[in-house]
Amino acid sequence: MEPLTSPQGIIIWIGALVTLALYSILYKENPVYRVAEHAFLGLAAGYGLYAAWAFVLYPKWYQPIRNDGVWLWAMALVPGVMYYTIYSKRLNWMSRMVMVTMMGFEAGLIFRTWAGTYMRQISDSFRPLFQPGFRPPFLYWDNLIFVVALVSVMTYFFFSFEQKSRAVQRTAGLGRWLMMIAFGAMFGSTVMARLSLFIGRLWYLFAEWLHLIPKG
Amino acid sequence: MAREAPQPATRSGWEAVLDRIDRRVIYLGLLLFTLVPLRFPLPLPVYVTPPAASLHAAIEALPTEKVVFVASNWDADTYAENEPQTIALFRHLLRRRLKFVLFSVTAATAPQFGQNALDEALQNEFPAGPGPDGYPAYGVHYLNAGYKVRAKPWIRSLVQDPGAALNADWKAQPIRSFPLFQGLTSMPAAASMLIDITASDTTEDFIPLVGAEGVPISLACTAVSAPEQYPFLATGQLKGLLTGMRGAAEYETLLGYKGRATRMMGGQSFAHLYIFLLIVLGNVAVIRRSLRRRRAS
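If you read the protein sequences in the order shown, they are chains A and B.
What the first sequence shows, in our numbering, is residues -10 to 205, in sequence order.
What the second sequence shows, in our numbering, is residues 1073 to 1369, in sequence order.
Worth flagging that the hints you see were computed from the coordinates, not collected in a lab.
We put the CB at the ideal spot given by N, CA and C, even for glycine.
Please note that the accuracy of each hint is not assured.
Straight-line alpha carbon distances no greater than 25 Å define the calculated SDA-like cross-link-like pairs of lysine to any residue that follow [unchecked claim]:
id: 1; chain 1: A; residue 1: K204; chain 2: B; residue 2: T1178
id: 2; chain 1: A; residue 1: K49; chain 2: B; residue 2: S1229
id: 3; chain 1: A; residue 1: K49; chain 2: A; residue 2: S84
id: 4; chain 1: A; residue 1: K49; chain 2: B; residue 2: T1178
id: 5; chain 1: B; residue 1: K1243; chain 2: A; residue 2: W198
id: 6; chain 1: A; residue 1: K49; chain 2: B; residue 2: D1191
id: 7; chain 1: A; residue 1: K49; chain 2: B; residue 2: F1250
id: 8; chain 1: A; residue 1: K49; chain 2: B; residue 2: S1258
id: 9; chain 1: B; residue 1: K1330; chain 2: A; residue 2: W198
id: 10; chain 1: A; residue 1: K49; chain 2: B; residue 2: G1211
id: 11; chain 1: A; residue 1: K49; chain 2: B; residue 2: W1242
id: 12; chain 1: B; residue 1: K1224; chain 2: A; residue 2: L61
id: 13; chain 1: A; residue 1: K204; chain 2: B; residue 2: G1235
id: 14; chain 1: A; residue 1: K17; chain 2: B; residue 2: F1105
id: 15; chain 1: A; residue 1: K204; chain 2: A; residue 2: G(-2)
id: 16; chain 1: A; residue 1: K17; chain 2: B; residue 2: D1094
id: 17; chain 1: A; residue 1: K17; chain 2: B; residue 2: Y1329
id: 18; chain 1: A; residue 1: K78; chain 2: A; residue 2: M88
id: 19; chain 1: A; residue 1: K49; chain 2: B; residue 2: L1107
id: 20; chain 1: A; residue 1: K49; chain 2: B; residue 2: W1226
id: 21; chain 1: A; residue 1: K204; chain 2: B; residue 2: L1102
id: 22; chain 1: B; residue 1: K1224; chain 2: B; residue 2: T1307
id: 23; chain 1: B; residue 1: K1243; chain 2: A; residue 2: Q110
id: 24; chain 1: B; residue 1: K1224; chain 2: A; residue 2: A96
id: 25; chain 1: B; residue 1: K1243; chain 2: A; residue 2: A96
id: 26; chain 1: A; residue 1: K17; chain 2: A; residue 2: G(-2)
id: 27; chain 1: A; residue 1: K204; chain 2: B; residue 2: N1196
id: 28; chain 1: B; residue 1: K1224; chain 2: B; residue 2: Q1301
id: 29; chain 1: B; residue 1: K1224; chain 2: A; residue 2: L32
id: 30; chain 1: B; residue 1: K1224; chain 2: A; residue 2: L15
id: 31; chain 1: B; residue 1: K1224; chain 2: A; residue 2: N19
Residues of chain B clear of chain A, computed beta-carbon distances all greater than 12 Å [what the hints assert, rightly or not]:
id: 32; residue: R1168
id: 33; residue: L1353
id: 34; residue: G1354
Covered by chain B, per the in silico footprint, the following chain A stretches (three or more residues, Cβ under 8 Å) [what the hints assert, rightly or not]:
id: 35; stretch: 42 to 50
id: 36; stretch: 77 to 91
id: 37; stretch: 171 to 180
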C-alpha cells in the first residue's frame, strides 16, 4: 500500500478514497457518495472560475491593459456588461444587440467549418462501382455496399412524399436495418469506452494505491 | 398501475435465480472478471487494425525539420484511454527525433496531464537524459504551450501565425524566446502534422480550419467518439486513428513494447466476455419464457 509519508502518497490516498466513495453508489445511495459528488462539483466550479481568470482574462485582457497600456481592451467590458442587461425588462434590448452580433460572427465561421468538413464527404460519396476497363472481378464490392447503404438510408429520411411504392418502402426498410447495425456498433464502442474508464480506476486502486498489481 | 402478467407456474430453477438476482451481484461479477486478468495477465494477442497502422506509417514518413503540433485535449475523466495513447505517440515522436509542440484547447488541467505523459515517454526513451546531439531539449525540440481557450477565430490565427496565437508556454515564458519558434511562420509552412488526442469533438474545428489549409491531421480519441470519425478516415481528412484503450494497445504493439494499455486489454477482453454471457443468458431466459407463455395460452 502507498505510504502516507509524501505529498504524492497523500494525493494517491485522497484519489483512492474519493474513488471508493463514488463507487459506493453501486451498493446503494449514501451520504459518503453525496459528499464526494458535491465536493467534486464544487471543486470543478471553483477551478473553472480560477482558470477563466488565470488563463484567459489575466494574460489576454488585464496584462495588456496594465503592462502594455492597451487601454482599448477596456472597451471589451461594455459588450460584456451588456450581456447582463438580459435580467432587466427595460434594458434587455441591449443584450440582444450583443447576441445578434456574436451570432453573425459565428454564422460566418460555421459556414466555413461546415464546408471544410462536409464538402469533401459529399464529393467522396461519388464512387466508381466498376473496375476501370471492366476487368474481373468487375465490381468494387466495398463501393457497392457503400452506395447501397447511402441511398437506402437517405431514402429512409426522405419525407417529402408518402412512401407508398413497395420499392421505396423496402429501400427505406433496408436503410433502417443498416442504421440499426451502425447504432449497435456505436453502442458496442460505448460499452468498451465505459469499461476502459472502470479498468483505469481499478488500475489506480490496485496498482497505484494498494500495489497489488505490478505497475511494470 | 399496470398489472404484471401472470407468470406460468412451471419455471426452471436457473430462470428463477436469474429473476431474483441482485444487480450488486452482477457488479461484483464484473469486478472479478476485470480484476483477475489485470492481476494475473494472460498472453492475449493484440492485432493491429489499419487505422492505427496508417497513423504509425504517417508519423514514420514525417520530415524531421518540420514541427508536429500535438493537441492534448483530455482530462482526468478519460485518463485510462487517452493517457496510454499520449505516451505511445510521444514515444514514437521521440524515437523519430521529431520536433513537437504540445497545447490544449478543452481543459485547463489538460497541459499537466499531457506533460505527465511526455515525462513518462522521455523517461522511457531517454532514461539517461538528452543524447550527444542534445535531443530532446525543452524549447529547442519540444515545448508545452499550455491551455488556450477553444474558439474558431483562435484556431484560424493558430494556422496563420502559431507564435502569435500560442503567445506563451505553460510557464508563461514568451514563446518567441524559444529557438523552436524562431522562423516558425505559419502552420501550412512549418507544421508536418497535427495530432489531436482528444476526449471531445475538437476535430470538428481542426478538420475544416487546419486540415483544409493543407496540414495533415491524425486523431487519437475515446472509443465512444470513434465511430463518428471513420468517415473522415475514409476521405483522407484523417491520416490515422487510435480508438480508445484498444488503439493505445495497438500502437504499443507497433512500437514493440507492452505498456499499460496492452496489460489493461486483458481486463477489457474478459469484461466484454462477461457482458456477452449476461446478454446471452438474459435473452435465452426471455425467449424461453415467451415460448412457454405462448404454449400456455
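Checklist entry - Taking only the CA atoms, is the gap from K49/A to S84/A under or equal to 25 Å? => result Judged against 25 Å, a Cα distance of about 23 Å means the pair holds.
Next on the checklist: K1224/B and L15/A were given as a pair; does the straight-line alpha-carbon distance stay at or below 25 Å?
Outcome noted: violated, 41 Å
Checklist entry - Holds or violated: are the alpha carbons of K1224/B and T1307/B at most 25 Å from each other? => result holds, 23 Å
Checklist entry - When you check the alpha-carbon spacing of K17/A and Y1329/B, does it fall within 25 Å? => result violated, 41 Å
Checklist entry - For the stretch 171 to 180 of chain A, do three or more residues have a beta carbon lying closer than 8 Å to a beta carbon of chain B? => result holds (count 6)
Checklist entry - Checking the smallest CB distance to chain A, is G1354/B really beyond 12 Å? => result holds, 15 Å
Next on the checklist: For a C-alpha distance cap of 25 Å, please report whether K17/A and G(-2)/A respect it.
Outcome noted: It is violated: about 29 Å lies between the C-alpha atoms, which goes past 25 Å.
Checklist entry - Holds or violated: K204/A with G(-2)/A, Cα cutoff 25 Å? => result The given pair, whose Cα atoms are some 16 Å apart, holds under the 25 Å limit.
Checklist entry - Straight-line Cα separation of K49/A and W1242/B no greater than 25 Å? => result holds, 14 Å
Next on the checklist: If we take the beta carbon of L1353/B, is the closest beta carbon in chain A still more than 12 Å away?
Outcome noted: Per Cβ check, L1353/B is outside 12 Å of chain A; nearest 17 Å; holds.
Item to check | Agreement of K204/A and T1178/B with the hint, judged by alpha carbon distance not exceeding 25 Å | outcome: violated, 29 Å
Next on the checklist: With the threshold set at 25 Å, check whether the alpha-carbon distance from K49/A to W1226/B stays at or below it.
Outcome noted: With a Cα-Cα distance of about 12 Å, the restraint between K49/A and W1226/B holds, given a limit of 25 Å.
Comparing the model with each earlier hint shows violations of hints 1, 5, 6, 13, 17, 19, 23, 25, 26, 29, 30, 31 and 36; every other hint is respected.
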